[in-house]
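Chains as they are written, first to last, in this note's numbering: chain A, 158 to 581; chain V, 158 to 581.
Calculated directly from the structure, the hints in this document are not laboratory data.
Wrong hints could be hidden among the right ones.
It does not matter which identical chain is used: a pair holds within one copy or between any two.
Unchecked claim - Okay, derived cross-link-like pairs now, DMTMM-like style, lysine to aspartate or glutamate, Cα gap no bigger than 20 angstroms in a straight line:
no.: 1; residue 1: Lys187; residue 2: Asp513
no.: 2; residue 1: Lys543; residue 2: Asp241
no.: 3; residue 1: Lys187; residue 2: Asp446
no.: 4; residue 1: Lys307; residue 2: Glu184
no.: 5; residue 1: Lys486; residue 2: Glu184
no.: 6; residue 1: Lys159; residue 2: Glu479
no.: 7; residue 1: Lys486; residue 2: Asp193
no.: 8; residue 1: Lys572; residue 2: Glu328
no.: 9; residue 1: Lys427; residue 2: Glu413
no.: 10; residue 1: Lys397; residue 2: Glu428
no.: 11; residue 1: Lys338; residue 2: Glu390
no.: 12; residue 1: Lys160; residue 2: Glu479
no.: 13; residue 1: Lys427; residue 2: Glu328
no.: 14; residue 1: Lys514; residue 2: Glu540
no.: 15; residue 1: Lys493; residue 2: Glu534
no.: 16; residue 1: Lys427; residue 2: Glu391
no.: 17; residue 1: Lys307; residue 2: Asp460
no.: 18; residue 1: Lys496; residue 2: Glu479
no.: 19; residue 1: Lys496; residue 2: Glu197
no.: 20; residue 1: Lys267; residue 2: Glu215
As a plain string of letters, each chain reads:
There are 2 protein chains.
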Amino acid sequence: MKKIGVAILGLGVVGGGAYRILTEHREFYKTTQAVDISVECVLEPNRARLEALGVPDEIVANNIAEIACDPDVNIVVECIGGVDVAREYVLDVLYGGKSVVTSNKELIAKYYHELERTAKRHSAGLYFEASCVGGVPIIRTLYDGVQSNKITSMMGIINGTTNYILTKMTEEGTSYSAALKEAQQLGYAEADPDADVEGYDAAYKLSVLSSLAFHTKIPYTKVLREGITGVCEEDIARGKALGYRLKLLAVAKQSEEGIEVRVHPAFLKKEHPLASVAGSYNAVFLTGDSVGDLMLYGKGAGDLPTGSAIVSDILYAASRVEPRYSTFKNTASPEKDVKFVTDFASSYYMRLTVNDKTGVLSKIAAIFGKYNISILELLQTPESDKATLVIVTHETHEAAIKNAVAKLNASELAKVEAVLRVVS
Amino acid sequence: MKKIGVAILGLGVVGGGAYRILTEHREFYKTTQAVDISVECVLEPNRARLEALGVPDEIVANNIAEIACDPDVNIVVECIGGVDVAREYVLDVLYGGKSVVTSNKELIAKYYHELERTAKRHSAGLYFEASCVGGVPIIRTLYDGVQSNKITSMMGIINGTTNYILTKMTEEGTSYSAALKEAQQLGYAEADPDADVEGYDAAYKLSVLSSLAFHTKIPYTKVLREGITGVCEEDIARGKALGYRLKLLAVAKQSEEGIEVRVHPAFLKKEHPLASVAGSYNAVFLTGDSVGDLMLYGKGAGDLPTGSAIVSDILYAASRVEPRYSTFKNTASPEKDVKFVTDFASSYYMRLTVNDKTGVLSKIAAIFGKYNISILELLQTPESDKATLVIVTHETHEAAIKNAVAKLNASELAKVEAVLRVVS
């Protein structure tokens, strides 16, 4: 039977989950996968974590060099997080020809170029299923399930924290700050929630996933990123009444015009398969030229779901004679080689406060007309001497909407209180 | 660059789809997968099909021997359908050490044991992603995405024809026969629809998928199979009013008691992710001990979606040095080695006609009580001297329900008009 020795760097939530799965399922993998996987080493300075998992003292390493030089270790699992130390340690073990499995989306988004080159040079594998969408095997699907397709579009709910907050706001009418506080109390959000609520986490993941889907390196810096901190419960409620649900959506599209990649709050029709993805669940909805629409749905985070992806990578690596590398052009200057679309097409939801006077609506409509924006739905509700106008447009372009908003705000007619994209 | 020569047996809907994808994407696969895949041979006696696809004469083979002996062919795609000729041809090419990719669920469900043994003996690969759920990469997910998990449950809508018919009946109140006729006119159902509507197609697929999920051979003969021919629009409508949607559901569960595998119509709560899988879409919802709930959703049939799965298998095979075999115990006598549960647990929907007299309801309730069946919902509607009683039970067992139905029908109290399982 094939024997694989594993080292785990970092026994936090995800590393601890992987440790538990590997130790509890060792016999199961012998029977079902014909491979004996043993955890040979861990690197974790926190004694409390080691004790909570019941890690035997003899497998606790003192430093990365011990692991890099250990001939019994074939695969190193990196769950340290952050990029500086993680990058250094991953390079150390790749130099020694050991394969790496990581859950670190920021590391992959920022340093894949360098890490893959090093891995190839030393005939080591580099696997990162756990870096995107927890237990959902989206990376394996892009590599080995829909690689027969030209992917034209990918839309995802790929951050559990923001989806929990938006679901709460939608279902219970909670304010953003109250929903965030609850998410923090439940451990779904960090004390410093910026990585999630400002969309950085989703942007890193989208950079990785769109690179694989479109076979070309998409730097995370090219992802248009807007978080959910400015989202107001009033707009969620008004959109809901019109049949929409607000999600933090990651969108990647490829057409003859180029590639567009963006993370921002967006309304989806409630019938869309992604609209009912609630709470901490995640999903990716992609469209290929042969397969058509395909959706993967599951737990986007957590110790065991993400641990499941890590162990899946270990078993996948063990099942292969040669490592499997990415299929994308790992160019050093994607900014030059790839054409990015920034003035993308979308529909828009807008909320305006208008002076409720005769003729105002026609003047507002004229401004929309000036920028070739046509209106799909319009709802006016009176409020003393003002009125609230909610407008959903037909598909138009980003620049047209920005111009119309500037024009409206510069006029005496109306104040634009909120603008949200509507995705179909 | 690696070169792969492909032969396609049968250019019907699926084989034709694979041919089109392979010829149209040849350059794309060179760039993105570093492999040059050429269709070297086809075996298809129907001239019209060859002409419709524009197949050059020089690649049309006269018989299987030409293909089996062709040194330029590495992978043979079997899309003939049926089992006799398909089995013979597949064995012929496996003997020659060529790998096989097939879309034939019946072949895999009935002869996997023999085919896999032959493939291993000749170091050939045997891939069948296209045999189950069209373009949805569920087999790859079981092999390489959730292989780290003990799968406890799998539920699927895995037959597009019946899902189209039931969706039509649910949304428009159409009768079964009218919905079937429409499905036939649209090409979703065969002139002889038995394979689909009697659940054979789903049972073959469930046999294959549950074997992979539970790592042990599950013969299709062990799948409890009930089709949709007896389903009545009245029950669909009454269930719908209670918040349920009727689906032809494939269910596989594994617990300490054993394995249960079944295909039958079942009500699902409308909030269940599977309940909104409509029309010709398919989905598989599985639960693993680490990953939790995971759903894959997409097109379950059609030339290009199923062709996508075939070409994905070809590219997967091309990416490997050694073939990937199934991970299940391919025992010759699974009937003896595996414990199957037949008296499984479920909730039930029942529709009864009752004589509307004082005391009848309490006597009916007493019969349910006798078999320890407790009632979750009850709805009585009057109709002249009779009344219709709709009952949804709490979880009970198959045997208890059968006994209660027999007792009710033998009594003067009521006639049981319909019984349907309710799955949560």
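Problem - Hint numbers not upheld by this structure, sorted from lowest to highest - result: 1, 2, 8, 9, 15, 18, 19, 20
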